Amino acid sequence: MPSPLWGEGAGERHDGCLYMPWIQNRYFRYILSRFLQAIPLIFVILVINFFLIHASPGDPVDILVGLTDADPKVLQELRREFGLDQSLLVQLGIYMKKLIQFDLGYSMRYRQAVFDLILSRLPATLLLMGVALALASFLGIFLGVLAAQRPYGWIDNTSTFMALAGYSMPLFWLGQILLLIFALKLDLLPAQGMVSLRAPSEGWGRVFDIMKHLILPAVTYSSYFLALVFRMTRVKMQEVLAQDFILTAHAKGVSGRQVVYKHALRNAMIPIVTIIGYNFGFMIAGSVLTETVFAWPGLGRLMFDAIMARDYPVLLGIFFIISIIVILVNAMTDIVYVIIDPRVVYD
Amino acid sequence: MLKKLLGNLGILILVGLMGFDTSTLQGANPQSGGTLIIGLEGEPATATAHLATDTAALMVASNLFNGLIGCDMNFNPTSDLAESWSISSDGLTYTFNMVKNAKWHDGKPVTAEDAEYSFNEIIAKVHPRGDTWWPTVESAKAVDKYTFVIKLKSPYSPLLTILSNILVSGSLVMPKHVYQGTDPRTNPANLSPIGSGPFKFKQWAKGSHIELIRNENYFKKGLPYLDRVIFQVTPDAAGRLMAFEKGELDFLHWYIVPHEQVARLRKDPRFKIVEKGGESSATNELLLFNHRSPYLKDQRVRQAIAYALDRNDIQNKCLFAEGKVAKSHINSGVSGFYTDKFDYKRDIKKANQLLDAAGYPMGPDGKRFVLRDFWSTGRPYESRASEIIRDQLKAVGIEVKIESFDRLTFVDRVFKKWDFDMAHQLFTTGPDPMISVTPRYHTNQIKKVAFTNGMGYSNPEVDRLFDTEYKVTDMEKRRQMWIKIQEILMRDLPALPLFEIPIVNAVSAKFNDVITRPYGYIQSREEAYLVK
Numbered sequence: 042m043p044s045p046l047w048g049e050g051a052g053e054r055h056d057g058c059l060y061m062p063w064i065q066n067r068y069f070r071y072i073l074s075r076f077l078q079a080i081p082l083i084f085v086i087l088v089i090n091f092f093l094i095h096a097s098p099g100d101p102v103d104i105l106v107g108l109t110d111a112d113p114k115v116l117q118e119l120r121r122e123f124g125l126d127q128s129l130l131v132q133l134g135i136y137m138k139k140l141i142q143f144d145l146g147y148s149m150r151y152r153q154a155v156f157d158l159i160l161s162r163l164p165a166t167l168l169l170m171g172v173a174l175a176l177a178s179f180l181g182i183f184l185g186v187l188a189a190q191r192p193y194g195w196i197d198n199t200s201t202f203m204a205l206a207g208y209s210m211p212l213f214w215l216g217q218i219l220l221l222i223f224a225l226k227l228d229l230l231p232a233q234g235m236v237s238l239r240a241p242s243e244g245w246g247r248v249f250d251i252m253k254h255l256i257l258p259a260v261t262y263s264s265y266f267l268a269l270v271f272r273m274t275r276v277k278m279q280e281v282l283a284q285d286f287i288l289t290a291h292a293k294g295v296s297g298r299q300v301v302y303k304h305a306l307r308n309a310m311i312p313i314v315t316i317i318g319y320n321f322g323f324m325i326a327g328s329v330l331t332e333t334v335f336a337w338p339g340l341g342r343l344m345f346d347a348i349m350a351r352d353y354p355v356l357l358g359i360f361f362i363i364s365i366i367v368i369l370v371n372a373m374t375d376i377v378y379v380i381i382d383p384r385v386v387y388d
Numbered sequence: 005m006l007k008k009l010l011g012n013l014g015i016l017i018l019v020g021l022m023g024f025d026t027s028t029l030q031g032a033n034p035q036s037g038g039t040l041i042i043g044l045e046g047e048p049a050t051a052t053a054h055l056a057t058d059t060a061a062l063m064v065a066s067n068l069f070n071g072l073i074g075c076d077m078n079f080n081p082t083s084d085l086a087e088s089w090s091i092s093s094d095g096l097t098y099t100f101n102m103v104k105n106a107k108w109h110d111g112k113p114v115t116a117e118d119a120e121y122s123f124n125e126i127i128a129k130v131h132p133r134g135d136t137w138w139p140t141v142e143s144a145k146a147v148d149k150y151t152f153v154i155k156l157k158s159p160y161s162p163l164l165t166i167l168s169n170i171l172v173s174g175s176l177v178m179p180k181h182v183y184q185g186t187d188p189r190t191n192p193a194n195l196s197p198i199g200s201g202p203f204k205f206k207q208w209a210k211g212s213h214i215e216l217i218r219n220e221n222y223f224k225k226g227l228p229y230l231d232r233v234i235f236q237v238t239p240d241a242a243g244r245l246m247a248f249e250k251g252e253l254d255f256l257h258w259y260i261v262p263h264e265q266v267a268r269l270r271k272d273p274r275f276k277i278v279e280k281g282g283e284s285s286a287t288n289e290l291l292l293f294n295h296r297s298p299y300l301k302d303q304r305v306r307q308a309i310a311y312a313l314d315r316n317d318i319q320n321k322c323l324f325a326e327g328k329v330a331k332s333h334i335n336s337g338v339s340g341f342y343t344d345k346f347d348y349k350r351d352i353k354k355a356n357q358l359l360d361a362a363g364y365p366m367g368p369d370g371k372r373f374v375l376r377d378f379w380s381t382g383r384p385y386e387s388r389a390s391e392i393i394r395d396q397l398k399a400v401g402i403e404v405k406i407e408s409f410d411r412l413t414f415v416d417r418v419f420k421k422w423d424f425d426m427a428h429q430l431f432t433t434g435p436d437p438m439i440s441v442t443p444r445y446h447t448n449q450i451k452k453v454a455f456t457n458g459m460g461y462s463n464p465e466v467d468r469l470f471d472t473e474y475k476v477t478d479m480e481k482r483r484q485m486w487i488k489i490q491e492i493l494m495r496d497l498p499a500l501p502l503f504e505i506p507i508v509n510a511v512s513a514k515f516n517d518v519i520t521r522p523y524g525y526i527q528s529r530e531e532a533y534l535v536k
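Protein sequences, first through last, are from chains D and P.
The first sequence finishes on residue 388 if you use my numbering, and the numbering steps up by one all the way, no holes.
The second sequence finishes on residue 536 if you use my numbering, and the numbering steps up by one all the way, no holes.
If you are wondering where the hints come from, they were derived from the structure by calculation, not from laboratory data.
As the structure is a prediction and not an experimental result, all values here were calculated from the model.
Ideal Cβ placement from N, Cα and C applies to all residues, glycine included.
Treat the hints loosely; a few may be bogus.
Each computed DSSO-like pair below joins lysine-lysine, with the alpha-carbon atoms no more than 27 Å apart [unchecked claim]:
1. P/K155 x D/K114
2. P/K271 x D/K226
3. D/K114 x P/K421
4. P/K129 x D/K114
5. P/K514 x P/K280
6. D/K226 x P/K514
7. D/K139 x P/K210
8. P/K452 x D/K114
9. P/K250 x D/K253
10. D/K114 x P/K451
11. D/K226 x P/K250
12. D/K253 x P/K206
13. D/K253 x P/K514
14. D/K226 x P/K276
15. D/K114 x P/K145
16. D/K114 x P/K475
17. P/K210 x D/K253
18. D/K114 x P/K157
19. D/K114 x P/K420
Ranges of calculated distance between the beta carbons of each label pair, as one might list FRET restraints [claimed, not checked]:
20. P/Q184 x D/K138: 29 to 35 Å
21. D/T199 x P/I406: 40 to 46 Å
22. P/P365 x D/I89: 46 to 52 Å
23. P/K452 x D/Q142: 35 to 41 Å
24. D/S237 x P/R394: 44 to 50 Å
All chains, full assembly: derive it from the sequences and hints.
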């Protein structure tokens with residue numbers, strides 16, 4: 042019986058081999074090959090990070106006992122428990138051995154499996170990032186296209202000013218200003234967290250509640266990237282709109298809207314997609330600030346707390362997951378190139 | 005003499021009140037219901053108290069578990085799981101009679117065996133600060149189902165104070181049936197605890213909040229009043245304050261209320277600034293002096309710095325006039341022991357004379373030498389203090405170079421590597437100075453452990469006093485010994501007390517009795533109620 046998970050036609054063939062048509066898919070094979078190529082890179086990232094975070098001063102067991110003048114015997118016992126009494130190379134060896142078995146280790150601070158910890162925080166960050174990225178991309182492209190059509194018109198001037206502001210304002214400062222205006226003064230939106238704790242809701246009520254909590258962090262988070270996407274779209278669209286084939290399209294009687302969105306935008310999209318894909322990694326870094334200001338329970342804050350507590354396994358686990366996500370996003374960006382521009386071919 | 009005093013002590017048999025202390029509820033008519041939402045500055049590592057001593061973890065744990073005893077605002081012991089207690093005439097045997105109606109959240113009875121297990125297997129072996137007082141204990145045993153006896157090796161007068169304060173002792177009673185035969189550090193119950201306290205654990209949404217619900221079978225009749233207590237993790241100080249003002253949070257404890265906002269909050273009828281609940285910690289901000297520094301090893305240089313600084317100006321600017329100058333190594337809130345007799349008044353002339361006498365004449369450029377001043381991020385008043393100190397010490401020719409670090413790097417530089425000249429650090433000084441002052445300045449505390457004697461201060465005279473005072477059961481005699489200790493410490497200046505951290509808790513006016521104890525910021529909220 043075909044498995045819905047693997048798609049139409051999947052299942053066991055008459056010769057007993059597992060038939061998985063998605064393996065034949067060229068996009069999938071491309072992502073897989075990129076991923077396999079990236080394994081040595083992930084290894085290098087982890088080794089460098091391992092030594093970097095261990096080189097930073099500070100003893101994680103001090104945090105484990107709550108920053109107190111703890112009994113040295115207790116501290117020694119904790120070091121032994123978490124293998125911190127071993128040499129760095131031995132610790133690295135143990136970590137890598139576990140990693141090969143897909144075991145990300147055990148958080149010293151939370152005394153929980155790192156994978157479970159990351160998994161519990163990842164959805165909140167993905168939701169925030171997804172919404173912010175969508176907002177930045179769609180609004181940035183839309184405003185960029187509008188601005189490029191009438192350079193130095195009021196839409197262009199206003200958007201350019203806003204983009205400049207969004208680009209230059211520190212995220213935490215913008216977040217606090219938005220909180221002050223929309224949460225405190227106007228009392229329109231909640232200030233902290235992802236859900237209302239005083240009056241918890243269920244079902245659709247909960248969805249709306251999360252959406253309400255999401256607005257300010259998402260707007261803050263997207264501001265920098267919206268500015269980037271807007272600037273890039275505006276410049277590229279101006280370039281493309283000045284080219285001969287656009288004139289030809291107009292001469293052929295193609296409507297203005299079609300010329301802009303079908304002919305010009307498609308040609309301007311490659312660098313825009315590059316900017317969006319390239320900045321994905323930076324977005325994860327930005328999540329630390331946004332999640333802190335809005336008490337959003339995501340991965341960025343887990344990372345920040347892990348840095349402050351020198352929770353090495355959690356930090357390495359997050360670096361590992363982020364590396365994989367960034368590599369996947371870059372591979373997907375390459376595939377989007379092909380979809381946008383059929384002239385792009387990968388060997 | 006000591007024998008006579010011990011004999012007098014034998015007559016003094018302390019009997020706790022049945023039930024709980026109702027004095028705080030006089031004139032009020034509390035009713036059940038309501039949700040109290042408490043803002044936390046960081047996510048607790050655990051919801052139990054035997055693994056960590058951070059404020060966030062203790063704030064949660066105190067609602068889930070009970071100690072043997074607590075104490076009232078005057079530091080008199082009050083009943084908790086022990087309904088009464090007595091001390092033998094020789095001051096060596098403490099007998100606790102436990103309540104018979106207390107139950108764990110899973111329905112099993114709380115007995116003296118749980119106390120025996122908690123003290124011997126958890127506090128003695130796992131708790132980070134167990135070594136501060138446990139070595140004085142000879143044995144801790146359940147003599148029958150509801151009688152628990154602690155025998156001491158020698159008289160130890162702060163014992164009841166220590167037991168009543170979970171921050172210093174961690175003496176919460178844990179369920180033996182849940183922990184026995186397991187490693188108490190990794191037991192899954194640490195993340196979804198089973199306690200005996202007024203609230204039961206409901207959920208821990210990682211990174212977001214911890215929710216506790218009312219324990220309907222709590223052994224203290226009529227308590228608790230609240231339906232739910234929620235601890236929300238709010239790491240950003242500005243966001244946290246806005247959530248409080250907006251009514252999303254109901255309580256911010258004294259360590260996280262921004263001092264510059266207190267005057268404004270005080271005027272707002274929606275809020276109350278509760279100026280109690282930190283007395284048992286009695287926290288002072290100090291400027292630590294590294295006695296290994298070629299300059300600071302000279303007592304005259306340390307005294308010159310004390311004379312050169314206008315600490316009133318420092319506290320005014322750092323705490324926005326909410327605090328006061330710390331005039332001794334004990335906080336003025338520790339009333340039984342404190343004296344301000346040995347304080348320094350600003351005297352630039354004297355400071356210059358001392359520095360000249362120490363052999364550091366003023367150079368033609370107006371400078372004598374350079375000192376580094378360290379502070380760690382997260383406490384804005386320390387940043388301000390270091391800048392003011394830099395300006396004020398210029399007047400006596402000391403150039404100050406300020407460096408700031410994250411907390412763990414700071415601990416590493418100051419307490420582990422001893423690589424600093426001056427450093428800003430909070431030290432608690434209560435509820436009994438033996439617990440909090442002695443571990444900072446005793447010679448045997450010069451060890452590479454956080455918050456010990458990183459200054460490298462050593463004075464055999466003060467060590468002798470530290471080693472004997474806690475065995476003295478005559479309070480007046482003990483007080484005199486502590487006055488002598490303060491005299492020596494203020495003369496030697498292992499550190500200069502800068503200011504006392506003001507106890508300013510911010511509470512929503514919708515709630516009463518959120519704070520009723522001298523350890524109010526980490527106390528159980530069993531007495532708190534919603535004003536209807």
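Evaluated hints:
Annotation: proposed proximity of P/K155 to D/K114 holds, straight-line Cα distance about 23 Å (limit 27 Å). Between P/K271 and D/K226 the CA atoms are separated by roughly 18 Å; this keeps the pair inside 27 Å, and the hint holds. Among the hinted pairs, D/K114 with P/K421 is consistent with the structure: their alpha-carbon atoms are about 19 Å apart, no more than 27 Å. For the hint pairing P/K129 with D/K114, the CA-to-CA distance comes to about 9 Å; that is within 27 Å, so the pair holds.
Of the pairs offered as hints, the one joining P/K514 and P/K280 holds, with about 18 Å between alpha carbons and a cut-off of 27 Å not exceeded. Between D/K226 and P/K514 the CA atoms are separated by roughly 21 Å; this keeps the pair inside 27 Å, and the hint holds. Proximity of D/K139 to P/K210 is assessed by CA-CA distance (about 25 Å); at most 27 Å being required, the pair is judged to hold. Among the hinted pairs, P/K452 with D/K114 is consistent with the structure: their alpha-carbon atoms are about 13 Å apart, no more than 27 Å.
Between P/K250 and D/K253 the CA atoms are separated by roughly 15 Å; this keeps the pair inside 27 Å, and the hint holds. Pair hint D/K114 plus P/K451 holds up; C-alpha atoms about 13 Å apart against a cutoff of 27 Å. For a cut-off of 27 Å, the pair hint linking D/K226 to P/K250 stands: about 9 Å separates their Cα positions. Using a Cα cut-off of 27 Å, the hinted pair D/K253 and P/K206 holds, with the two alpha carbons roughly 25 Å apart.
As the CA atoms of D/K253 and P/K514 are separated by approximately 25 Å, the hinted pair is consistent with the 27 Å bound. Straight-line distance between C-alpha atoms of D/K226 and P/K276 comes to about 21 Å, which keeps the hinted pair within the 27 Å bound. At roughly 24 Å between alpha-carbon atoms, D/K114 and P/K145 fall within 27 Å of each other, so this suggested pair holds. For the suggested pair D/K114 and P/K475, the alpha carbons sit about 25 Å apart, so the restraint of at most 27 Å is met.
Between the alpha carbons of P/K210 and D/K253 the distance comes to roughly 20 Å, so the proposed pair stays at or under 27 Å and holds. Of the supplied pair hints, the one linking D/K114 and P/K157 holds, its CA atoms being roughly 21 Å apart against a limit of 27 Å. Simply put, D/K114 and P/K420 have alpha-carbon atoms about 16 Å apart, close enough for the 27 Å limit, and the pair holds. Take P/Q184 and D/K138: their Cβ atoms lie about 33 Å apart, and the range 29 to 35 Å holds.
A beta carbon spacing of about 43 Å between D/T199 and P/I406 agrees with the range 40 to 46 Å that was offered as a hint. In this structure, P/P365 and D/I89 meet the distance hint of 46 to 52 Å, their C-beta atoms being roughly 51 Å apart. As the Cβ distance of P/K452 to D/Q142 is approximately 36 Å, the hint placing it in 35 to 41 Å holds. For the pair D/S237 and P/R394, the supplied restraint of 44 to 50 Å holds, since their beta-carbon distance comes to about 46 Å.
When each numbered hint is compared with the structure, no violation occurs for any of them.
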